[in-house]
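Chemist: Going down the list, the protein sequences come from chains A, B and C.
Sequential numbering of the first sequence, starting at 1295, is according to my numbering.
Sequential numbering of the second sequence, starting at 250, is according to my numbering.
Sequential numbering of the third sequence, starting at 1430, is according to my numbering.
FYI, nobody ran anything at the bench for these hints, they're computed from the structure.
C-beta: ideal position from N, C-alpha, C; glycine also.
Treat the hints with care, as some may be off.
[Said to hold, decoys possible] Pairwise CB distance ranges, derived in the manner of DEER restraints:
| id | chain 1 | residue 1 | chain 2 | residue 2 | range |
| --- | --- | --- | --- | --- | --- |
| 1 | C | S1651 | A | A1328 | 43 to 49 Å |
| 2 | A | P1715 | C | A1450 | 35 to 41 Å |
| 3 | A | R1391 | C | T1583 | 51 to 57 Å |
| 4 | C | A1537 | B | H483 | 30 to 36 Å |
| 5 | B | H483 | A | E1576 | 56 to 62 Å |
| 6 | C | A1512 | A | D1728 | 35 to 41 Å |
| 7 | C | T1439 | B | V407 | 29 to 35 Å |
| 8 | B | R480 | C | T1439 | 50 to 56 Å |
| 9 | C | R1455 | A | P1579 | 54 to 60 Å |
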Amino acid sequence: MNNASAGASLARHAVPVHAGLIAVLQPTAYVIVALVVFYTARHLFFTMNRLFGRQRHPYLDITQASWPPVTVIIPAHNEQPVIAHILERMIAVDYPRERLKILCIDDRSTDATPAILDDFAERHPDRVQVLHRPPDAPPGKAAALVDATAHLMGDIALVFDADYLPGPGLVKQLVAPFFDPQVGGVMGRVVPYNSGTNLLTHLLELERSGGYQVDQQARANLRLIPQFGGTVGGVRVSALRAIGGWDPRALAEDTDITYRLVIAGWKIAYQNRSECYEEVVESWPARYRQLRRWSRGHNQVLFRHLWPLLRSSRVTGRERLDGVSLLGIYAMAPVLLMGWLVLYLLWLCGDNGGGLLLMLAVVSYGTFGNAAAFYEIASALRLDGERDKVKGVPLILIGFFVSTYAATAGFLAAIGDRLRPRRLQWHKTPRYRDQAQAAPDPAAPTRL
Amino acid sequence: MPHERGRQALSLMLGPIFALAVAWAIRPLILPLWAFIERFWCASVAPAVTVIRMPYALPWGVSLPVPVPDLGASGPSRAAWMTSAVLVGVTLLLAVLLRRRHLPLSLALFTLAVVFVVGAAGFTPLLAPFPYVIPGYIQSMLLMGLTLMFMTPFMLMVIYYPLDFGLGKKVALTLLALTWLALILPCQFCLQAFVINGLGLIALPVLFLLFGLLLDIMGLVALYAWGMSWRLRHE
Amino acid sequence: MLVLFAAVTTILFLLPFTPTAGLFLRRRQTLGPSPLSAGAYAPDHFARNLITKLRARAALIAQPVIAVFEYRLDDEPLLILPASMRRAPSECATKMSYALADAVLPAALACDKEIAAEGSLLTGGNARYRALYAADTLHIGGNSTVIRWCHADTHLKVDKGCRILGRASANKTIKVDAPCLFMTLTAPTILIGPAEPRMGSAKAGDLASASGTDHVAREPVSLAAGTRRHGSIKAHGRLCVGADSVIEGALVCEGDIVIGPGCLIWGPIVAEGDVRIAEGCEVGRPDHPGSVVGEDVEIAVPAVIHGAVHARHSGIVTEKSTITIL
């Protein structure tokens, strides 16, 4: 039974025959662990800033103003279950009637979306305009936004996805930062309304909470680069035109615009209290596809804007550092997988770098995936007053596990795009609402 | 205000205080406790198996007698290779079949298969010789467990102590985490020793990577999350 | 035994996850959507909530209210004062009170509960109130303190020496006498001291038309006296506007903003530092409101603001400006 114990004088160290392999893997491991530690420290820094730092909400209190003309763009591709709900809400927003234009884009829909949009336009001709894109128009949200640019009213364009449920004061809150002439883009906060549906939706709520309540707000506090997320946000049209408009080839048009605005010297404002309910995906395959698409698009932006960002004279040093780390966030998923593989191989070679492995285990759990670290999420939930939901935090490992694979797949696809440009395949994000029913109203008491 | 600052400073001091307490308790408390737990389970599962103390010399001359079950295991036989190949095939097939309905499970199975295949490479000419045996492996894992116990108060010092929880809650969470680690670590790795003994060394890499410290850190995160859900002082 | 060992180890491993399991098995209702904070930021949010509840409660009373009677609202005692009774009793200090018409509150009242009136509400001086609502005019006596909020559906008058520690709002005008402390004032016209609006007929224009001439400076900005500028200005550091200037746009600054005497500012004034406004200034126009936002806000009398003043830390209305640089 114990004949092995004689030779078991501890875990043995590097076997000489693999010295060459170890010589390659070891420095790689150090670099990867350093990267993961950097991202963990970044999350921790943001969390501490959000908990104990000075909070910046410079535009929150602009409640009374001479509100400028604004166009709300709602791109809709086969959004029959949800499109009427957002339009009902948008018609009821508190904004001067003559200064708000709701521009709905029927993006090659094959369901009842065009009819619903036309009906709204007929009932509210002064506010709602519909732009029908022909079936042979180039696909994608960015391409739809390009088509919308010619129909904008005023210098501010807000963008909402069709599944969102804006509250009455949201448009004013999102317009307020544009009184600052340096602001080129604005982002509000996204809150899932269907978080109680299943485990996935609950996990997505946790991710959103960490990502917005801590991450985005900390970046706003620190005057870094809050990210325009392509919905519940907007851009200054003159700034958009100055940087060449939406890029129809961009898969992540939001991140693309964020970086182009920042490189051109504009600021992105984040409004943490401009909250809007959204419908998050309720199935894992849909989540996987969504994340893979985001990762692919984000990494396209990484390849495209990393060098211009580093060279730009219009961004501050801290913006540059934050911009680079934000660009790399989806690339960290393959780096993390690579890190585990490298350390595993080293261990198999007998290089028992226990310390490194322990460190990777700890910090990668903190930065697993790309959304937020567990302490960041827990802190965000406490800031939201959601004490009970913190107990669900350990389960984020499941979400992060899937995210890591999806983000890696997206990263590889982005590299593929770089090597051999391909025509993009668009997957429609499924909707889970019943059009026949009234718009969901979580009817929650307001938080004070 | 000075009182409040003193309270905060004391909170942050809990990290080094508890870490030092762990360091102090390793020889007189933790290792004897682990030896007791391992002897108990060895006597219950296989009375012939003894628990040996494998000394680990620290750089400053102190030796840690780490208790490990004196179990052995052999490398994969031809039959074990065949069985493993079939099991990997079945796992991958299941991963494909479950992809639509249970994606996380499917990816977990895929990961398991990949980790197993890479680990099995350790027994092939590609990476051979496989450098671990049960006692040495268990010893190194328990040592890493001790390191994790030592680090836990420092991690809490960064992510929990600065928050406005009562001092009692901070102490309670730390004690809870350390006690849980002190109990789970010997059970976890003693059980792994028996599993490797039964399945052969080919199971060792998978147990190391997927069922080793990752599980302990998951447990710590769960305890942390529970602690974060407690009421703050002003609530 | 090995199975038992495995089972015990598994249970031991799962123990820390018990609260997580409990969340999903026993407290699933807590997994619903997080509430939004949107509505809470409307200036009259608390007033609307309170009066809606009071009116709903009063509607349930079958017989006409002819004497003070104690009812309950949200498990708290509620005094309903009949329309015939103008002078509120001292019990208002400890119980939520709802007057069905005009009401007059005694002086030196230390009131821990909300008071609402369906008509005008006149409060005595040297008092402390939690929250006040009037469906008509609300007049807060001198040297009083309002801890949470006060709202008038028509006019709000705040006498000198008052401290408004929360929100003050009115649907028509707020008139504040100096000296006075405040946090938030919101009304179509806010008259600071003996002020009168003087821009009602000024030439119309809006921010959209001004956008072409916006100016962003990466350093402090100081505008000379008598400057007339069309467009918004953003400065880093400090932004000073000389006396008698007219700015047809917004003023935004990452530091302090100082407005000299007699200025007309058409757009919002937003500072991450402090805002100091000298005497004789006007912000916004009757048909185009503006906001003044700063950490500490100091306004010297007389001044007119059409819109809102928000002090993130504290606001003060002073008799004499402390601005000396211009």
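Chemist: Which hints from the list above does the structure break, by number from lowest to highest?
Modeler: Violated hints (numbers, rising): 2, 3, 5, 6, 8, 9; every other hint is consistent with the structure.
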